[in-house]
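K.L.:
Residues per chain are reported as follows:
Protein chains: 2
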Amino acid sequence: MSFQALPGFRDFYPEEMAIRRHIEGAWHAAAKAAGFEEVDGPPLESLDLLRAKSGDAIVEELYAFTDKGDREVALRAELTPTVGRMIAARAQALRKPVKWYATPQLFRYQRQQRGRLREHIQWNVDIFGATEVGADAEVLSVALDALRRLGLTENDVKVRVSHRGVMAERVRTRLGEDAIESTLRAIDKGELSPAQAAELLVAFDVDAIPELDALHAACEDLGIDKYLEFDPRIVRGLAYYTGLVWEIFDRKEKLRAVAGGGRYDTLIERLSGPSMPALGFGMGDVVLGELLKALGKLPPGPPRIDVLVVPIGDEMLAPARQVVRRLRLAGERAEAPYAPMKVGKAFQAAESFGARRVVLVGPDEWREGKVKVKDLASREESVREVEKL
Amino acid sequence: MSFQALPGFRDFYPEEMAIRRHIEGAWHAAAKAAGFEEVDGPPLESLDLLRAKSGDAIVEELYAFTDKGDREVALRAELTPTVGRMIAARAQALRKPVKWYATPQLFRYQRQQRGRLREHIQWNVDIFGATEVGADAEVLSVALDALRRLGLTENDVKVRVSHRGVMAERVRTRLGEDAIESTLRAIDKGELSPAQAAELLVAFDVDAIPELDALHAACEDLGIDKYLEFDPRIVRGLAYYTGLVWEIFDRKEKLRAVAGGGRYDTLIERLSGPSMPALGFGMGDVVLGELLKALGKLPPGPPRIDVLVVPIGDEMLAPARQVVRRLRLAGERAEAPYAPMKVGKAFQAAESFGARRVVLVGPDEWREGKVKVKDLASREESVREVEKL
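From first to last, the protein sequence lines are chains A and B. Residue numbers for the first sequence, in this note's numbering: -1 to 387. Residue numbers for the second sequence, in this note's numbering: -1 to 387.
Worth double-checking, as some hints may not be accurate.
Because identical chains share one entry, a pair is satisfied inside a single copy or across any pair of copies.
To be verified - As a list, the in silico DMTMM-like pairs of lysine to aspartate or glutamate whose alpha-carbon atoms are at most 25 Å apart:
id : residue 1 : residue 2
1  : 291       : 152
2  : 66        : 76
3  : 66        : 117
4  : 291       : 36
5  : 156       : 229
6  : 187       : 65
7  : 94        : 349
8  : 66        : 373
9  : 30        : 167
10 : 370       : 251
11 : 224       : 313
12 : 295       : 167
13 : 66        : 46
14 : 252       : 176
15 : 343       : 68
16 : 340       : 130
17 : 66        : 211
Note that these hints are calculated values from the structure, not bench results. In this text the structure is predicted, and so the values were computed from the model without any measurement.
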């Protein structure tokens, strides 16, 4: 019997882990550049919390179960309930606006399709306690800054923007209060009939939405206005969004959204906190990874070591360890094989590790406190004193 | 109704997250310095896999449940089953020795005590495919290197070492085959009667164990021999260890073990892989965090930003955003408030963020393409051209 990962879950071998860390590195850098502080919460939460935020639509897709203490619990499918709970608990003490980010792994039990896993890593960036449109522009700029750090510019991606609150009001006046949620969900999924779409969307006028103008102006200040496209079909699937909403797509629209966000000014209150404006976005690693791969923007994996230290014969194992110790203390990533290795094989290994140098520890040089150093790029070889390595 | 984290689970607010990242940073640095590659696997695994490795003792403490596809699954309580499964699946293709590390979050449903949570972050470092004692010394040196990077030296911690295989053999000859597992567990938990302990431990002679000598010599090469203490009470609780075993403790032995590891040469085979020697260790964030705190080795949190940009009046909001954009592109962590802020309050905020400079964007200077810059350490103020910021 052989064991496998559960369907929809990924094993991160070193190559996949390097890609994940490359993406996460850009996320951390962009968030920190804009003064966001990192947080995290439990992967497991009470089902009540998740239900309070997202309603039953998400609950159906949760990994939910009853724990040994008879609590109804579930793996997190979003971070926002957790972050909302954390904000609500310290709402008075925290300096506003609160600027937080996180990179949690999230879980959904859904039918599997290409690119649809049951887990993914998602970057969450949120601001609590800011009503100003400058905050909306800032979270968007942070999302785009991370993409820029990964090599994706306005030639590769665009932002489709709209205003869920205005659209909801429009649906209310045309179709009545009861039609709002189902109609917005149909818009989000692209399921409107042509007649409905024409009625609701065609005459939906960007100029009638002052927040969109203000967002555009703030984005100009931040140098990201060229990414923006007004698109009334963007309403975000989840019912808790209240204001400006946006999604980032690849320019060719071959993939699902790379990221999505907006305002959800009533959420904290719904999670038993005070009334507090809130906004933010999520960006997953799966679609983004596919896009980077399709555009040839994934860098080669980082080298595993800088220096391979090779003992020539059994007696040189201990000296090789001493050399390794010295190199590591000097800040180099270095290793030696645990058993003697043929020199030819050692050079092959060094190349495959991406090492820059090979240090050969042989008995003759060692007696004089020296080792042979070979630079793998220049192919130059020299005999060096161990003390001066 | 207000929501809370489940009992035994931690919320990581920015201060706690900074400590976690400080610890994890040392783990990453030490592993990479020694040529270990990072991996990760799913937090959720099939119950069969966890049972195959650890037996029923751990299964009782698992967060186990049946998923919507009728699979018996559980949250990981250790990473080793996952890593073993990944190794077994690619045993032929991977270059030996395989040197892997990971920093997963792990989960156990256990009765709560002080410092005993239901989740923790654990650094795992493993080598597969090396029989040599140099590999045992290397993983230990990596563990100690991380502690050194966190400010803990041989004055603060020690390594208690023994050999589970030799001890098991000793129990077999004195008490019989059937007594091995229960006796080793009793030794691990310190539950032996004085008579039993005297019989088994007192005459347990370090000189009779050649691997311990060899380990000591290799540790001398790596400069970590001063940490070592032979201690026959160290056998590791889990049945799959086969050879050298060790645990790291604070010198005063006030806390539980900071880390523990050893050889488990039969594990990969048990997970349906080929026969392959293996060894490694785990180091958790909880006891280590307590020790760092007790010794005053936790650094202050990192500054949130480098520069606070302050708009003087509503009209300067847009210019402030443009200044922020310029600073961020130059690699500085910078932010501006979304609404105008009184100058006194702005300086307070800048101090609390750990910022080094405040940039005041006022209408008079801005008209001339200039801003006021104040250095918070030297208290020097200057008027600078925006172009040259």
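K.L.:
Hints first: check each against the structure and report whether it holds.
P.N.:
Now for the hints, and whether the structure bears them out:
1. 291 with 152: within (17 Å within a copy, 47 Å between copies)
2. 66 with 76: So residue 66 and residue 76 pass the 25 Å test inside a copy (24 Å) and across (19 Å) alike.
3. 66 with 117: both (24 Å within a copy, 15 Å between copies)
4. 291 with 36: between (27 Å within a copy, 21 Å between copies)
5. 156 with 229: within (11 Å within a copy, 63 Å between copies)
6. 187 with 65: Classified as neither; 35 Å inside a copy, 27 Å across copies.
7. 94 with 349: between (52 Å within a copy, 15 Å between copies)
8. 66 with 373: The answer is neither: 59 Å in one copy and 56 Å across copies each exceed 25 Å.
9. 30 with 167: The answer is neither: 37 Å in one copy and 55 Å across copies each exceed 25 Å.
10. 370 with 251: neither (55 Å within a copy, 45 Å between copies)
11. 224 with 313: between (65 Å within a copy, 23 Å between copies)
12. 295 with 167: Neither, since 42 Å and 56 Å both go past 25 Å.
13. 66 with 46: both (17 Å within a copy, 19 Å between copies)
14. 252 with 176: This pair counts as neither: shortest intra-copy Cα distance 34 Å, inter-copy 63 Å.
15. 343 with 68: neither (58 Å within a copy, 49 Å between copies)
16. 340 with 130: between (66 Å within a copy, 17 Å between copies)
17. 66 with 211: neither (53 Å within a copy, 46 Å between copies)
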